[in-house]
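A.B. asks: As a plain string of letters, each chain reads:
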Amino acid sequence: MQLTGLPIETVGWLAAAAALLITVLYVLKLRKRKVEIPFSPLWGRVVTAQKDRTDWWRRLQRFLSWLIHIVIAALLAFAMLGPHFDDEVLDERHILILLDNSASMGATDVTGGHSRFDVARDKAREVLDTVGGNDRVMVALFSNRVQPLGPFVDDPSLVEASLRDLQVTANPVDLGQALDFAVDSLRDRQPAELVIITDGAGYDPDYPPDVDFGEEVTVRHLAIGERSENLAITAFNARRYPSNRMDHELFVEVRSFFDRPVDATLELSADGRLIDTQSLSLGAREIHRQFYPGQATAGERLEARVRLNTPDARDVFPLDDRAYAVIPPPSRLSVQLVSEGNLFIEGPLLLNNHVDLERLDPDGYDPNAEFDVTIFDRVAPEPPATGHLLYLNPPEEGSPFEITGLEDSPIVTDVRREHPLMRWVTLADLNIGETNTFALAVDDTPVVAAFGQPIIVARDDGERRKVGIGFDLRNSDFPLRVGFPIFVLNVLDFFAADDVEMARSYATGQTWAIPVARDADTAEMIDPDGQRHRAAIQRDAALFYGEKPGFYHLETNAGDITIAANMANPEESDITPHILEFESAQVDHQIDDLLFDRRQIWIWLLFAALALLLVEWFTYNRRWTV
Amino acid sequence: MAQAAPQSADAFDEAFLKKLEYLYIVSQKIAAGKHKAKRKMRLVGSGIDFADHRQYSPGDDVRNLDWRVYNRTEKLFLKLYEEEEDLHIYFLVDTSRSMHLGAPNKWNRARQVAAALAYIGLSNLDRVSVVPFASKITDRMAPTRGRAQIFKVFDFLDRAQPGEQTTLKSAFKTFVSQNKRAGLAVVISDFYDPEGFEEGLNILRYHRFEPMVIQLFDERELSFDLQGDVELIDCETGEPRQITVTPAMMREYTRVFEEFCQELETYCTQRQILYFRSPIQQSFEDLVLKIFRAGGFLK
Numbered sequence: 193m194q195l196t197g198l199p200i201e202t203v204g205w206l207a208a209a210a211a212l213l214i215t216v217l218y219v220l221k222l223r224k225r226k227v228e229i230p231f232s233p234l235w236g237r238v239v240t241a242q243k244d245r246t247d248w249w250r251r252l253q254r255f256l257s258w259l260i261h262i263v264i265a266a267l268l269a270f271a272m273l274g275p276h277f278d279d280e281v282l283d284e285r286h287i288l289i290l291l292d293n294s295a296s297m298g299a300t301d302v303t304g305g306h307s308r309f310d311v312a313r314d315k316a317r318e319v320l321d322t323v324g325g326n327d328r329v330m331v332a333l334f335s336n337r338v339q340p341l342g343p344f345v346d347d348p349s350l351v352e353a354s355l356r357d358l359q360v361t362a363n364p365v366d367l368g369q370a371l372d373f374a375v376d377s378l379r380d381r382q383p384a385e386l387v388i389i390t391d392g393a394g395y396d397p398d399y400p401p402d403v404d405f406g407e408e409v410t411v412r413h414l415a416i417g418e419r420s421e422n423l424a425i426t427a428f429n430a431r432r433y434p435s436n437r438m439d440h441e442l443f444v445e446v447r448s449f450f451d452r453p454v455d456a457t458l459e460l461s462a463d464g465r466l467i468d469t470q471s472l473s474l475g476a477r478e479i480h481r482q483f484y485p486g487q488a489t490a491g492e493r494l495e496a497r498v499r500l501n502t503p504d505a506r507d508v509f510p511l512d513d514r515a516y517a518v519i520p521p522p523s524r525l526s527v528q529l530v531s532e533g534n535l536f537i538e539g540p541l542l543l544n545n546h547v548d549l550e551r552l553d554p555d556g557y558d559p560n561a562e563f564d565v566t567i568f569d570r571v572a573p574e575p576p577a578t579g580h581l582l583y584l585n586p587p588e589e590g591s592p593f594e595i596t597g598l599e600d601s602p603i604v605t606d607v608r609r610e611h612p613l614m615r616w617v618t619l620a621d622l623n624i625g626e627t628n629t630f631a632l633a634v635d636d637t638p639v640v641a642a643f644g645q646p647i648i649v650a651r652d653d654g655e656r657r658k659v660g661i662g663f664d665l666r667n668s669d670f671p672l673r674v675g676f677p678i679f680v681l682n683v684l685d686f687f688a689a690d691d692v693e694m695a696r697s698y699a700t701g702q703t704w705a706i707p708v709a710r711d712a713d714t715a716e717m718i719d720p721d722g723q724r725h726r727a728a729i730q731r732d733a734a735l736f737y738g739e740k741p742g743f744y745h746l747e748t749n750a751g752d753i754t755i756a757a758n759m760a761n762p763e764e765s766d767i768t769p770h771i772l773e774f775e776s777a778q779v780d781h782q783i784d785d786l787l788f789d790r791r792q793i794w795i796w797l798l799f800a801a802l803a804l805l806l807v808e809w810f811t812y813n814r815r816w817t818v
Numbered sequence: 042m043a044q045a046a047p048q049s050a051d052a053f054d055e056a057f058l059k060k061l062e063y064l065y066i067v068s069q070k071i072a073a074g075k076h077k078a079k080r081k082m083r084l085v086g087s088g089i090d091f092a093d094h095r096q097y098s099p100g101d102d103v104r105n106l107d108w109r110v111y112n113r114t115e116k117l118f119l120k121l122y123e124e125e126e127d128l129h130i131y132f133l134v135d136t137s138r139s140m141h142l143g144a145p146n147k148w149n150r151a152r153q154v155a156a157a158l159a160y161i162g163l164s165n166l167d168r169v170s171v172v173p174f175a176s177k178i179t180d181r182m183a184p185t186r187g188r189a190q191i192f193k194v195f196d197f198l199d200r201a202q203p204g205e206q207t208t209l210k211s212a213f214k215t216f217v218s219q220n221k222r223a224g225l226a227v228v229i230s231d232f233y234d235p236e237g238f239e240e241g242l243n244i245l246r247y248h249r250f251e252p253m254v255i256q257l258f259d260e261r262e263l264s265f266d267l268q269g270d271v272e273l274i275d276c277e278t279g280e281p282r283q284i285t286v287t288p289a290m291m292r293e294y295t296r297v298f299e300e301f302c303q304e305l306e307t308y309c310t311q312r313q314i315l316y317f318r319s320p321i322q323q324s325f326e327d328l329v330l331k332i333f334r335a336g337g338f339l340k
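Line by line, the protein sequences give chains A and B.
When we follow my numbering, the leftmost residue of the first sequence carries the number 193, and every step to the right adds one.
When we follow my numbering, the leftmost residue of the second sequence carries the number 42, and every step to the right adds one.
Just chain A, with the same shape it has in the complex (with noise of 0.2 angstroms):
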């Protein structure tokens, strides 16, 4: 027996002191309603007769009430002590409970049509209700990011109020991240019970991790989930032909969780309107990727969609269904060319339309004229106070970058692939008759170098971007390559903060960081479903945190942006139900043993005085006690 009410000895002298009045309440005399009579000896036979026939049954029946009432008070002094069984658990533990809400916990496949989700908090719920009374519980829920809804608590009622209001995120999972949560958590508060519900799908293949629990944290796992059929768009990316701002391609990768072949259907629409559609056939886990080439769209909300069409397969995950993509509309720059004549850096920008041209001779050079961008060809006079600046070969006076020397016939040694303005641009074999070399500067990046010399050099302080080449184009065959276009394409976007290579798409589950206008200060984002919220903005990029696939509407004071979320995740599309294992920790997979019987021996121990009372009361009214 264990006792986890008041201390014994309080209970002791409280029994003590209610048996100790209830012997004194024996023995007082009751203060009795007072009846005249005509003759009291008569009475006085009467009392004798009685008291000579039944004495010893009425001492008796006296020791019976006060020993009714004694048996009343130690019952009452036995139910404050707080008895238990033995084999009930009453240390003070303290319980974790990591609740998964990724995307794949909205899969509907477990009985009953409810997602996994659901199933996952009302098991949630269950350990909540049979903690006992010493317990500490915490529960977290855990995607990419782990999110405690409050600290070690002994009300449960505290937490179950609090996951009425759950909803399952679009976001991936991270269990390494929860796993350290749980490990820092339950650090000097052991002995403790970590359980974690989830459906162990979209885990990192690397998995499981060397956690170190501690010594006296037992993992428990409750596995949730059924099946694993599942039909999901892994991958909606829109991204501009370089050499046509209006041109784009569009791919989708459609993945199959089937373990059989089953026919879908692939729809793709642009602003509500279906402008494509393809059936499937997809055998058993087969991923189907299509590419749309040549769409001629702009500004357009794409939204791709695959639909089963096998009658007795059911698609038990329709988050991944969908997905979304936004092409936003080309910008238009306005170029002022400040050059006694070259025709290599003229033609590619003549021929692009989204470009408006003006060709001025150094002596035409007005610095107060507003332009988007300024190329200065072998000339280097005062900038502009605004706009994007390109040097050709600037001489030293006047130029930016500081020339440090002249290299004849250079051989171009390192080129940084990954900086915008070198995408899909390759300068092997470049033939260069001489050229300047620059110094760097704080903001500099060397983009071409020549033995660790660079001589093309882009800068970014912030404000403003220059770019500075430090060759003359006509004395080079670079003008002659297939690549000098796009060079000339990528230096505008560069200027332009264009990211031609995906439209705009964000994954759920991560904190966007989405450009805006230089001057925008404020900015408001309307989610999916209409809701509002605030966005910071820091560093000329709106900084919000979406958990919901679908568009987003970005208002600035500066203009407005329209965006795609998608969960984008073939792992987390993979719903198929794991089993989590550790090699640091046992995993039990039920909570039979965790779950705290409550078996109050006081509440049965208070019937119990209260029958006895009855049958005091029952008893004393009946006379038989009295």
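Honestly, the hints are just simulated from the structure, not real lab data.
Don't take each hint at face value.
Cut-off 20 angstroms, straight-line C-alpha distance, at most; resulting in silico cross-link-like pairs (EDC-like, lysine to aspartate or glutamate) [unchecked claim]:
| # | chain 1 | residue 1 | chain 2 | residue 2 |
| --- | --- | --- | --- | --- |
| 1 | B | Lys210 | B | Glu306 |
| 2 | A | Lys740 | A | Asp766 |
| 3 | B | Lys221 | B | Glu272 |
| 4 | A | Lys226 | B | Glu280 |
| 5 | A | Lys226 | B | Asp266 |
| 6 | A | Lys226 | B | Asp196 |
| 7 | A | Lys226 | B | Glu272 |
| 8 | B | Lys120 | B | Asp93 |
| 9 | A | Lys224 | B | Glu272 |
| 10 | B | Lys60 | B | Glu326 |
| 11 | A | Lys224 | B | Asp270 |
| 12 | A | Lys315 | A | Asp278 |
| 13 | B | Lys214 | B | Glu260 |
| 14 | A | Lys224 | B | Asp102 |
| 15 | A | Lys224 | B | Glu280 |
| 16 | B | Lys60 | B | Glu280 |
| 17 | B | Lys193 | B | Asp180 |
What the simulated footprint calls covered on chain B by chain A, stretch by stretch (three residues with Cβ under 8 angstroms from a Cβ of chain A suffice, anywhere in the stretch; the number is not a length) [said to hold, decoys possible]:
| # | stretch |
| --- | --- |
| 18 | 152-158 |
| 19 | 227-240 |
| 20 | 266-280 |
In this text, a Cβ means the ideal position worked out from N, Cα and C, and glycines have one as well.
Use these hints to put chain B onto chain A, whose structure you have.
C.D. replies: Just chain B, lined up with the frame of chain A:
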């Protein structure tokens, strides 16, 4: 139980007088052929005509023992002779607190019975006296004769003050010392005397009074609507008695009361004392007629 109720001013109203007249007519039929003012008393040795035998009890005059009967039966019997003289009728009416308990109470019934019998006595030209008593005698109505004196009896009974505790012995001692002329002593009481009724009645007998006992009781005393722990207070002595009343105790109380009444009746019967017992819930006419038919009061 209820507290003592005030006496009724209308106890002797016109209707009561009509009832008395009726009772008188009835009594005349029962005692037809007798001479007025020649009532016979059962006095031992003072008359000539043999009347009856009765069993000897201590205190009797041994000169009146019937030795012949003793020879035959080896039991002592007294010879009783009838004595003819003007009869004195004394109504000894209990005024103790127990007689005034409840409403209606035994005192009202005692007054009615005393008045009715007094009327008969006055109508027969007997000398009637009313003596209220409790622990002692504080007042008495002098012997009077004639039907017209009934209103004097009424008035006296109305003015009688409640007494305290019943003590037959001391009260009757006083009575016999004040009344040397023997006669019929009608004792109307509940006989709730802690010292017992025997000595009081014996005093009357020893002083040649012919006692007649009328015991009044209240049936409500036998049917207490009472259970549980109570403190019983004797209305006369104030003695408290703590008790837990149970149905079994109520049954025992009834039995004890019956036993008490039986003791009184046995005592009276053994001494050839006329004994009548009546609950106050019974009409007083029935009690009076019962007394008439018993033949002890009407000679």
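A.B. asks: The structure should be examined with respect to each hint, and the outcome stated for every one.
C.D. replies: Cross-check of the supplied hints:
Under the criterion of a C-alpha separation no larger than 20 angstroms, the hint pairing Lys210/B with Glu306/B is consistent with the structure, at around 18 angstroms. Note on Lys740/A and Asp766/A: the hinted pairing holds, with a Cα-Cα distance of about 18 angstroms set against a maximum of 20 angstroms. A C-alpha spacing of about 45 angstroms is found between Lys221/B and Glu272/B, which places the hinted pair above 20 angstroms, so the restraint is violated. Restraint check for Lys226/A and Glu280/B: the C-alpha separation of about 11 angstroms stays at or below 20 angstroms, so the hint holds.
For the proposed pair Lys226/A and Asp266/B, the alpha carbon gap of about 14 angstroms is at most 20 angstroms, so the pair holds. Restraint check: the Cα-Cα separation between Lys226/A and Asp196/B comes to about 36 angstroms, which exceeds 20 angstroms; the hinted pair is violated. A distance of roughly 5 angstroms separates the Cα atoms of Lys226/A and Glu272/B; the hinted pair therefore holds under the 20 angstroms criterion. With a CA separation close to 6 angstroms, the supplied pair Lys120/B and Asp93/B stays within the 20 angstroms bound.
Under the criterion of a C-alpha separation no larger than 20 angstroms, the hint pairing Lys224/A with Glu272/B is consistent with the structure, at around 6 angstroms. Only pairs whose Cα atoms come within 20 angstroms are accepted, and Lys60/B paired with Glu326/B is accepted, the gap being roughly 8 angstroms. Restraint check: the Cα-Cα separation between Lys224/A and Asp270/B comes to about 6 angstroms, which is no more than 20 angstroms; the hinted pair holds. Distance check on the hinted pair: Lys315/A and Asp278/A sit about 27 angstroms apart at the alpha-carbon level, beyond 20 angstroms; violated.
The straight-line distance between the Cα atoms of Lys214/B and Glu260/B is roughly 31 angstroms, outside the 20 angstroms bound, and the hint therefore fails. Restraint check for Lys224/A and Asp102/B: the C-alpha separation of about 54 angstroms exceeds 20 angstroms, so the hint is violated. This hinted pair checks out: Lys224/A and Glu280/B have alpha carbons roughly 15 angstroms apart, not beyond 20 angstroms. Of the supplied pair hints, the one linking Lys60/B and Glu280/B is violated, its CA atoms being roughly 40 angstroms apart against a limit of 20 angstroms.
Pair hint Lys193/B plus Asp180/B holds up; C-alpha atoms about 14 angstroms apart against a cutoff of 20 angstroms. Counting residues of the stretch 152-158 of chain B whose beta carbon lies closer than 8 angstroms to any beta carbon of chain A gives 0, which falls short of the minimum of three for the stated coverage. Closer than 8 angstroms: that is the beta-carbon criterion, and the stretch 227-240 of chain B has 3 residues meeting it against chain A, so the requirement of 3 holds. With a cut-off of 8 angstroms between beta carbons, the stretch 266-280 of chain B has 13 residues touching chain A; three or more are needed, and the interface restraint holds.
Consistency note: the structure conflicts with the earlier hints numbered 3, 6, 12, 13, 14, 16, 18.
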